[in-house]
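K.L.:
Heads up: the protein sequence lines correspond to chains A and B, in order. For the first sequence, this note's numbering assigns the number 1 to the initial residue and increments by one for each residue that follows. For the second sequence, this note's numbering assigns the number 1 to the initial residue and increments by one for each residue that follows.
Where hints are given, some of them may not hold.
Said to hold, decoys possible - Derived PhoX-like pairs: lysine-lysine, alpha-carbon spacing no greater than 25 Å straight-line:
| no. | chain 1 | residue 1 | chain 2 | residue 2 |
| --- | --- | --- | --- | --- |
| 1 | A | LYS56 | A | LYS109 |
| 2 | A | LYS36 | A | LYS70 |
| 3 | A | LYS57 | A | LYS70 |
| 4 | A | LYS36 | A | LYS106 |
| 5 | B | LYS9 | A | LYS109 |
| 6 | A | LYS106 | B | LYS57 |
| 7 | A | LYS59 | A | LYS113 |
| 8 | A | LYS70 | A | LYS113 |
| 9 | A | LYS109 | A | LYS59 |
| 10 | A | LYS36 | B | LYS9 |
| 11 | B | LYS57 | A | LYS70 |
| 12 | A | LYS106 | A | LYS51 |
| 13 | B | LYS9 | A | LYS106 |
| 14 | A | LYS109 | A | LYS70 |
| 15 | A | LYS51 | A | LYS113 |
These are calculated hints, taken from the structure and not from any lab test.
Here is how the chains run, residue by residue.
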Amino acid sequence: GQQVMQIPQYQHVQEGEDFTTYCNSSTTLSNIQWYKQRPGGHPVFLIQLVKSGEVKKQKRLTFQFGEAKKNSSLHITATQTTDVGTYFCAGPPNYGGSQGNLIFGKGTKLSVKP
Amino acid sequence: DSGVTQTPKHLITATGQRVTLRCSPRSGDLSVYWYQQSLDQGLQFLIQYYNGEERAKGNILERFSAQQFPDLHSELNLSSLELGDSALYFCASSVQSWGGDTQYFGPGTRLTVL
């Protein structure tokens, strides 16, 4: 079935270092969404990318959607301790229709050492 | 605060028992989604309801069932519980029912089966 894969599973960085997580779908996506889950918290929506090759920035976070709309990345510049958490990418299932559910990757867990 | 509420926050029960988890979506949202998150696992989609009707089904066990009521709140029923059912159960809501909707997650219910 359709899969969304993320790498790496874990990333430990020193505060101030950059961080990147990659997301790959087995099928073309109509859009991709990114969520962040803080330790002990719930997933929180960060951003949605829709267009092929789209790049969006939110302060130190840069999100990209691949040209083939099958992969995406999230890059954080100069990480801070507030960036700690698990970052998930998610896309809608390929069978379309009126379902609204998302297929989530397993996430990348980021830890930041001060 | 996402505006999605879930009760109870924690639930401890024994194998073989039955429990009900409750979710109230954000005001105005018609879709409710249920996800299961096991330790170090991603978010597994269970089921979606839209305006009272089942809209999409994921990897939901036959022992689990859900419904959405006329006031749009939803309940997830888990029966004949097994140790492996111990997990965080998240409810999310969105305005409509298509794969581009942003999903707003509740704080989750942590279920422990002893």
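K.L.:
Please go over all the hints and tell whether each is borne out by the structure.
P.N.:
Here is how each hint holds up against the structure:
no. : hint                : result
1   : A:LYS56 to A:LYS109 : holds (21 Å)
2   : A:LYS36 to A:LYS70  : holds (20 Å)
3   : A:LYS57 to A:LYS70  : holds (19 Å)
4   : A:LYS36 to A:LYS106 : holds (12 Å)
5   : B:LYS9 to A:LYS109  : holds (23 Å)
6   : A:LYS106 to B:LYS57 : holds (19 Å)
7   : A:LYS59 to A:LYS113 : holds (21 Å)
8   : A:LYS70 to A:LYS113 : violated (32 Å)
9   : A:LYS109 to A:LYS59 : holds (20 Å)
10  : A:LYS36 to B:LYS9   : holds (20 Å)
11  : B:LYS57 to A:LYS70  : holds (23 Å)
12  : A:LYS106 to A:LYS51 : holds (23 Å)
13  : B:LYS9 to A:LYS106  : holds (23 Å)
14  : A:LYS109 to A:LYS70 : holds (21 Å)
15  : A:LYS51 to A:LYS113 : violated (35 Å)
Hint compliance for this structure: hints 8, 15 are broken, all remaining hints hold.
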